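Q: Protein chains in written order, with this note's numbering: chain A, 1 to 411; chain B, 1 to 338.
If you are wondering where the hints come from, they were derived from the structure by calculation, not from laboratory data.
Note that the coordinates shown come from a computational prediction; the quantities given were computed from them, not determined experimentally.
There may be inaccurate statements among the hints.
Below, simulated DSSO-like cross-link-like pairs (lysine-lysine); rule was C-alpha separation at most 27 Å, straight line [claimed, not checked]:
1. B:Lys187 / B:Lys338
2. B:Lys187 / A:Lys401
3. B:Lys187 / B:Lys238
4. B:Lys325 / A:Lys160
5. A:Lys100 / B:Lys187
6. A:Lys160 / A:Lys393
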Amino acid sequence: MTRGSRLHIPHPPARPGEEPDFSYLETSPAGAIARPDINAKTADIEHLAVELIRVLDDDHNAVGPWDPRLDPGELQIGLRHMLLTRIFDARMQRIQRQGKITFYMQSTGEEAVSVAQGMALRPSDMCFPSYRNQGLYMVRGRNLVDLMCQCLSNTRDMCKGRQLPIMYHWAEGNIFSISGNLGTQFPQAVGWAMAAAIKGEDHIAASWIGDGTTAEADFHYAITFASVYRAPVILNVVNNQWAISTFQGFAGGEKRPFAARGPGVGIPGLRVDGNDFLAVHAATQWAAERARRGGGATLIEHVTYRQAAHSTSDDPSRYRPKNDAAAWPLGDPVERLKDHLIKIGEWSEDRHEALIKELEHVVQAAWKESNKYGTLTEGPWLDNDLMFDDVLKELPPHLEKQRAELRALEE
Amino acid sequence: MAQMNMIQALNSAMDVMLDRDRSVVIIGEDVGYFGGVFRCTDGLQRKYGEHRVIDAPIAEGGIVATAIGMGVNGLRPIAEIQFADYIYPGFDQIVSELARLRYRSAGDFWSPVTIRTPCGGGIRGGQTHSQSPEGIFTHVSGLRVVMPSNPYDAKGLLISCIESDDPVVFFEPKRIYNGPFDGDPDKPAIPWSTHAKGEVPDGHYTIPLGLAEIVETGSEITIITYGTMVHVSQAAAKTAGIDAEIIDVRSLAPLDVDTLVASVKKTGRCLIVHEATRFSGFGAELAATIQEECFWNLEAPIGRVAGWDTPYPHAFEWEYFPGQKRVIAALSNIMEAK
Ligand SMILES: Cc1ncc(C[n+]2csc(CCOP(=O)(O)OP(=O)(O)O)c2C)c(N)n1
Ligand SMILES: [Mg+2]
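Okay, chain A solo, but in the shape it has when bound (with noise of 0.2 Å):
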């Protein structure tokens, strides 16, 4: 039967043992592709969906019509949020590994997509986002001590104790509770949006997803209600090659970037270079003035790469080369706006190392405050009545009946 078997198996580039290969990646030059206007008709800018939307070239300049010409001032607090939210990351990896939180899952690589995003929407637009945006809470300005102390599950922890790590949600700061179900979020920012649009609000939504989660039935819903309703809608696929141990071409990828499931329903999509701050910076400008303007939804792929492993139940190096993420062609994004930023005269190797050190030490201080909540375990501990409480608005009679049992067991 499996003899002369025709069926395809995806196969990636390279696996343990193998030199990185990703001549698989199709990318253009920077600044070689045209911005179209914001009313371009979907039919007409097509190609954006296979081509690779880039202003960071080579030698660090910004160059072309998506440079997003933002003033260095704001391309400083840019690698300020993208190096806090990398430093934020080590440090709660660290802590899972000392056994003080139970599971984490890094952003590493990915920085410049929440990161540049969060600062090219507005604070009133609503974000969907997967478990890997943590950069939206740095540029929105969560206090870390919060984001901590949700890790710890402990008296100050914004779940109540009921969610895994990195679970958060602010709804003040407009970012929805994160799902461990993946991809749940997407159809939701898209009713979202259409609310608005109901309402004649002009907030959008913006949610995010990975490469992998585009198979679940979820992402043809967003697609497709997003297209049918001109939700003003940015929809995120955040392409890191990898979902836990199968590769990009286990969700289609081989075969059409993801970007291309976009105009396949009617809606443009932008296929960018997820590693260059100003490309997503860009890219995200123009699909929300579009959206702002009643032109719809803008699926965008951000072409990026998973540094880390998927998290901290996970052990890559045996699905992929160790080496795979120093070889990957697009660099990294707080190395190429840094870089950027040096090149422009804006910023120094010095300046960078002192604010590694500040943000570690903020990051550090964080961490000490948080801890006076409770950890896993030393008190203050949360109250075990809090169990039974949102689970209705109100507490029904049997959830009553529990609690009072529990209650009465641990006298």
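Take the given structure of chain A and dock chain B with the ligands to it, following the hints.
A: Just chain B with the ligands now, with coordinates in the frame of chain A:
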């Protein structure tokens, strides 16, 4: 015979079946090259090829649906859903399609799919890596639902499921993958090698579907349970010094009513223990059946110990998990009833 943990026993069951029957295939997320996030399919792709142990896109509905189609076309698919918490995108395909295909086509079409999925808590997995949704599936006509509590049963039952022409949802209590667990997280973990049922034959054997097992004989009360809670119940009865007859249901649907009823008729008392939430949980079906069949033999109301009716909370894992303390309290309650 070999010492195996539950992961190895499940792996061995699939190995045996892939080897014996060319129509057996495995499909699921990360099951192929990687060998599964819990390593249940470790080494199988290398041995049987990537056309028989197939990595899937992340789409549970797609996995179940394509497994159904493969089954209709003569294969015998084992579909892995990475966590039971992620089975819901496949729910429509399971409930409306897989479960009813034989019935709606008057037996002309059917698909012998076995869906394997890790379930249950106690691993600090939070609300999306801890659920026990078996009761949602036992409520569906046309499915077999199975949950083993040890390596020996896991292998024998899984082989029966794969060989069965009926669709099966096979739940694997992941907390006991590596060793039996009595509900006390502070005790050092014990390996399966300390347990009689950690002895597993290397080759083919089956445990018939639809049969419960009496894991402890006793005279004072019958505890009906399954999965991780078998071990918690055994420890609780021992601690409480109660001569309990403990029954591991194993096959939840169809259910071995005779074994349960005979035991309750003998002991006159009954406690039902499961990890899943209580309201409309599988325990409700068990209690109703026992009440109908054993009413005149009962000396006390039937008791139930189950998860609280909340989502599975990350920080309150051990307040949520129905541990020994709760089982003992329920046992004393029933024993004291006159
Ligand atoms: C419905 C569902 N199925 C499976 C999983 C298990 N799972 C968690 S993350 C993941 C991989 C996701 O890959 P991708 O979408 O590429 O996102 P990335 O992790 O790379 O950011 C899988 C399979 C899940 N959380 N939810
Ligand atoms: Mg990915």
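Q: It remains to establish, for every hint, whether it holds in the given structure.
A: We went through each hint and held it up to the structure:
no.	hint	in the structure
1	B:Lys187 / B:Lys338	36 Å, violated
2	B:Lys187 / A:Lys401	30 Å, violated
3	B:Lys187 / B:Lys238	16 Å, holds
4	B:Lys325 / A:Lys160	25 Å, holds
5	A:Lys100 / B:Lys187	19 Å, holds
6	A:Lys160 / A:Lys393	15 Å, holds
Consistency with the previously given hints fails for numbers 1, 2, ordered from lowest to highest.
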